[in-house]
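For this one, chain A is given, so just place chain B on it according to the hints.
Read top to bottom, the protein sequences are chains A and B.
In my numbering, each residue's number is its place in the first sequence (first place is 1) plus 1.
In my numbering, each residue's number is its place in the second sequence (first place is 1) plus 1.
None of the hints are false.
In this list, chains with the same sequence are indistinguishable; a pair is considered to hold if it fits within one copy or across any two.
In the BS3-like style, the derived pairs of lysine-lysine whose C-alpha atoms are separated by at most 30 Å in a straight line are:
#, residue 1, residue 2
1, Lys-80, Lys-262
2, Lys-68, Lys-262
3, Lys-80, Lys-94
4, Lys-262, Lys-122
5, Lys-262, Lys-120
Worth flagging that the hints you see were computed from the coordinates, not collected in a lab.
Only a predicted model underlies this, so the values are computations on that prediction, with no experimental measurement involved.
One letter stands for each residue in the lines below.
Protein chains: 2
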Amino acid sequence: MYLGAIEAGGTKFVCAVGDSGGNIHERVQFPTTAPEETMQKVIDFFKSYSLDAIGIGTFGPVDLNRKSQTYGYITNTPKPHWTNFNFVGTIQKYFHVPIGFDTDVNAAALGELFWGRAKGKNSCIYMTVGTGIGVGAIVEGRLVHGLLHPEMGHIVVRRHPDDTFVGSCPFHGDCLEGLASGPAIEKRWGKRGADLSEQDEVWELEAFYLGQAIAQYILVLSPEQVIIGGGVAKQSTLLPRIHRHVLNHLNGYVQHEVILKHIDHYITLPGLGDNAGICGALALAKQALGDK
Amino acid sequence: MYLGAIEAGGTKFVCAVGDSGGNIHERVQFPTTAPEETMQKVIDFFKSYSLDAIGIGTFGPVDLNRKSQTYGYITNTPKPHWTNFNFVGTIQKYFHVPIGFDTDVNAAALGELFWGRAKGKNSCIYMTVGTGIGVGAIVEGRLVHGLLHPEMGHIVVRRHPDDTFVGSCPFHGDCLEGLASGPAIEKRWGKRGADLSEQDEVWELEAFYLGQAIAQYILVLSPEQVIIGGGVAKQSTLLPRIHRHVLNHLNGYVQHEVILKHIDHYITLPGLGDNAGICGALALAKQALGDK
Chain A
2 MYLGAIEAGG TKFVCAVGDS GGNIHERVQF PTTAPEETMQ KVIDFFKSYS LDAIGIGTFG
62 PVDLNRKSQT YGYITNTPKP HWTNFNFVGT IQKYFHVPIG FDTDVNAAAL GELFWGRAKG
122 KNSCIYMTVG TGIGVGAIVE GRLVHGLLHP EMGHIVVRRH PDDTFVGSCP FHGDCLEGLA
182 SGPAIEKRWG KRGADLSEQD EVWELEAFYL GQAIAQYILV LSPEQVIIGG GVAKQSTLLP
242 RIHRHVLNHL NGYVQHEVIL KHIDHYITLP GLGDNAGICG ALALAKQALG DK
Chain B
2 MYLGAIEAGG TKFVCAVGDS GGNIHERVQF PTTAPEETMQ KVIDFFKSYS LDAIGIGTFG
62 PVDLNRKSQT YGYITNTPKP HWTNFNFVGT IQKYFHVPIG FDTDVNAAAL GELFWGRAKG
122 KNSCIYMTVG TGIGVGAIVE GRLVHGLLHP EMGHIVVRRH PDDTFVGSCP FHGDCLEGLA
182 SGPAIEKRWG KRGADLSEQD EVWELEAFYL GQAIAQYILV LSPEQVIIGG GVAKQSTLLP
242 RIHRHVLNHL NGYVQHEVIL KHIDHYITLP GLGDNAGICG ALALAKQALG DK
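Bound-form chain A, shown alone (with noise of 0.2 Å):
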């Protein structure tokens, strides 16, 4: 049995075929264009194979509302082009498979959880920092949608009192991902995050951001398990700063030995490192198959 997984981010887009125990067979990746090209090159790709069902990790915003007229869109984008893209249509129209369709960090919570850091769990969420900010989560073995999908990245954090950056989120200044996203670094220190390991004040700063924020996500979600993917969460030693804020915020609140005693083991880089995006559309595409 093959299922197909499409990594859809704004810069590229990786397809793979693999299979229900989360083996990529084969993969491609290309830029992402115009969704015509794009998306013909995604067809081309899948053609040759007899997929039993197809999964989607995307960019957003989208519509992920069943009942909804634009279910499977990608929404008010303000990525050139891609507004109002209809993606599960347009790959219904080649492959009469079941789809599953989700933002790119639900889909990778998903697959951390099928065969990641997550496995055996019922909940967890998963974070990327880099252009944005994102989160997705799972509760009670379900990918968490409601109203739209949330959008964890845009939450409020008590500022560090040393911090004048203004904040670079058009939306709201300041908030987490206007302080502590891939070009807040950039804009705030004048360097990108890549070129700024050796300063330690950089990074117990994102660390201090970060780690407020996802206290706040274990105080409203209580995940068993957090994961932190994307480019910015390889600089060696932000992980163990993150781990000391997180412990800081909740001062003792939050009774359990997963947290007190085990952080290191609680919060993580991706178990599937960087296949964590396309192994989530794969794991998309293995639930739609049972809930077909």
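Frame of chain A, contents of chain B only:
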């Protein structure tokens, strides 16, 4: 068919017998004293009925993990005599029926989903502002559990620049509960909330904090309905002020007409009024019967 319901509060217990339509047939209420005495009254009330299930919505913290040895216990509560009390086990000794057990606010959220303002929806949050601030949540039709249960009343909020009150939370000082609970209002203004109803500045500040917190819950959980219960919510000017502050904080980011155009229907008082808690316990009983 009869269902039993227990709303266990820190100061009073309400017990009721009702049906699966959410109707209460008989109810009784008594002060919360030592567990033995209190539970005897519960048992005496229920024993003349042939009950099919019992639901318990209780003060906490509680252990909701069914795999845990202390499932069904009230755990490390500061309330004298109730620490490590085996609530489910005590009831089960007398009544051999399915028992639903959850936090008081999760119960109220379920009651509102079954029979109140969130009827027909898949998700909602129920917030209560009183001695503490508690929030229950339902996502994809299921009560939110995880590592423990949500403790949303303790999230961080950004302080109002004119507010110099130090905060009343023993764990976090000026978290949401420390700034906006009933005791926080009383300490800040020197009077109980009920005696401050004419003072606009009290409710404007309260709405600033509650609105900010609700905006965070919307970003994290994307609930289809937000319900505010408890004594403080009854201040007549509070709810419209909260509507304004939620819109301010989201600043157009969550593009859904329910928020942008109908916020007064989106964030409301409980449909079940003061019965939200006891009907919630009834809903837990109904759910326990279905889970069997």
